[in-house]
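Colleague: Okay, so the sequence shown: first residue is 70 according to the working numbering, each after it adds one.
Just so you know, these hints were derived from the structure itself, not from any lab.
Please note that a few of the clues may not be correct.
[Claimed, not checked] Simulated restraints on C-beta separations:
# : residue 1 : residue 2 : range
1 : Val443    : Val133    : 38 to 46 Å
2 : Met391    : Glu305    : 23 to 31 Å
3 : Arg99     : Met272    : 43 to 51 Å
No experiment lies behind these values; they were computed from the predicted model shown.
We treat Cβ as the ideally placed atom computed from N, Cα and C, and that holds for glycine.
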Amino acid sequence: MSWRSDAFWALLDQVVVSACTFLVSLVVARLVSVEVFSAYGLSVTATLFVSAMHRAWLTQPFSVLGVRETPDERLQRFKAVLQLHVLAWPVVALFVVLVGWRYFPSAGFGLAVWAYILSYLIQEAVRRFCFTTNQIRLAFAMDAVAYGGYLLGLLWMAWRGLGQIELALSIGVLCFAVSALFGSLRCGASIWSGSWPSCAVLMQFARGHWDHSKWVCASQVFMFGSIMLVPFQIAEFGSLVWVAHYNAANTIMNVLNILRQTMGNYLPIYASRLYHEQGFQQLNKALNRMALAVLGASALAMALLLLLSNWIVEVLYGVRYMPTAAVLPAASVGPLVAMLSFVSQAGGLALGKTEHIFYSYVAGTLCSLALAPVLIPQYGLMGAIWVANVGYIVPTVWHWITFKRDGRQMMASGGQAA
Numbered sequence: 070m071s072w073r074s075d076a077f078w079a080l081l082d083q084v085v086v087s088a089c090t091f092l093v094s095l096v097v098a099r100l101v102s103v104e105v106f107s108a109y110g111l112s113v114t115a116t117l118f119v120s121a122m123h124r125a126w127l128t129q130p131f132s133v134l135g136v137r138e139t140p141d142e143r144l145q146r147f148k149a150v151l152q153l154h155v156l157a158w159p160v161v162a163l164f165v166v167l168v169g170w171r172y173f174p175s176a177g178f179g180l181a182v183w184a185y186i187l188s189y190l191i192q193e194a195v196r197r198f199c200f201t202t203n204q205i206r207l208a209f210a211m212d213a214v215a216y217g218g219y220l221l222g223l224l225w226m227a228w229r230g231l232g233q234i235e236l237a238l239s240i241g242v243l244c245f246a247v248s249a250l251f252g253s254l255r256c257g258a259s260i261w262s263g264s265w266p267s268c269a270v271l272m273q274f275a276r277g278h279w280d281h282s283k284w285v286c287a288s289q290v291f292m293f294g295s296i297m298l299v300p301f302q303i304a305e306f307g308s309l310v311w312v313a314h315y316n317a318a319n320t321i322m323n324v325l326n327i328l329r330q331t332m333g334n335y336l337p338i339y340a341s342r343l344y345h346e347q348g349f350q351q352l353n354k355a356l357n358r359m360a361l362a363v364l365g366a367s368a369l370a371m372a373l374l375l376l377l378s379n380w381i382v383e384v385l386y387g388v389r390y391m392p393t394a395a396v397l398p399a400a401s402v403g404p405l406v407a408m409l410s411f412v413s414q415a416g417g418l419a420l421g422k423t424e425h426i427f428y429s430y431v432a433g434t435l436c437s438l439a440l441a442p443v444l445i446p447q448y449g450l451m452g453a454i455w456v457a458n459v460g461y462i463v464p465t466v467w468h469w470i471t472f473k474r475d476g477r478q479m480m481a482s483g484g485q486a487a
């Protein structure tokens, strides 16, 4: 892969985002108390949920639909995305208020979280515009400003001995806002000038995006219920301190994000090409080999965590978070097994069978909602870990079984997508 290629810069961008996100969590954990870090972890989960819905409804359809449009049409669509983004601010505020009323330590913290979410989303929208218009290096520069600047700001706080979480979030707001402004001024399109879509046209764009994304949005809701709801369930049925240790373990497992993104970007294209060129039988064999490789790598990773969990936690988080070491090997089970879902979902996309992704997360959500009130009070943090593991494993197994079933049916009927 040449350093001049877009693929190289896209991969480098993901490395920067994942690495800085990981380091930001580590610095915050050392800056604030365990209880405040718990609230911070809940705010991150809330941010990820809002971001997932924003991406599913606005930015992902923009990329899919906008890539086929003329530059002027694409610019109008993006302006509509920005307008809808602003119109969603009160909804985001209501969501933050509802979550914060129950779980955030102060109104100031909730306000900082709301501002952070808004700046994060506008940066993500401009970043997506850059990717859609094939300006990968500009997207990388934006992320270096946003994520790298946020990390440097937190390191400055650590150097000065400042531990206010509201200040930390405010630094993030500033960095993402500057990144969004920088990207919008450098992307070569007159984003902030010219005519804006009328109300009628705006509603047309909103309906078009919704028709394109409604099942994806529904899947995101149930993915949240299956996996991302666990920190809130811990806070509800257990201890707020447990949330901090759960988030610490989860952050360590987030080092897999680079591999997840790589598989998520590459496998659907590879699987679709292989299926249409060589048929389901060859696709099935290739995906089986990938699944075995993922399982082998996952087993090795679990073995390393069993041996090194105490050392990893002490080096990264310090002695305050040593309870995390006891659950880290178990916390790796779900995310590592879930790597198989990227293989089966790529196969499902090739076959044109995507509805099972939604149904698999519905099953995972139902299991999570049923198990959390039982396992967390009885088994504490380890019970919460297994609630999360079930939320990962059930959708993975569900989708793998349905992919195999659909493949056998297509083989029996002799059918293949055109």
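Colleague: It remains to establish, for every hint, whether it holds in the given structure.
Modeller: Now for the hints, and whether the structure bears them out:
1. Val443 - Val133: 38 to 46 Å: holds, 41 Å
2. Met391 - Glu305: 23 to 31 Å: holds, 25 Å
3. Arg99 - Met272: 43 to 51 Å: 48 Å Cβ-Cβ, so the 43 to 51 Å window holds.
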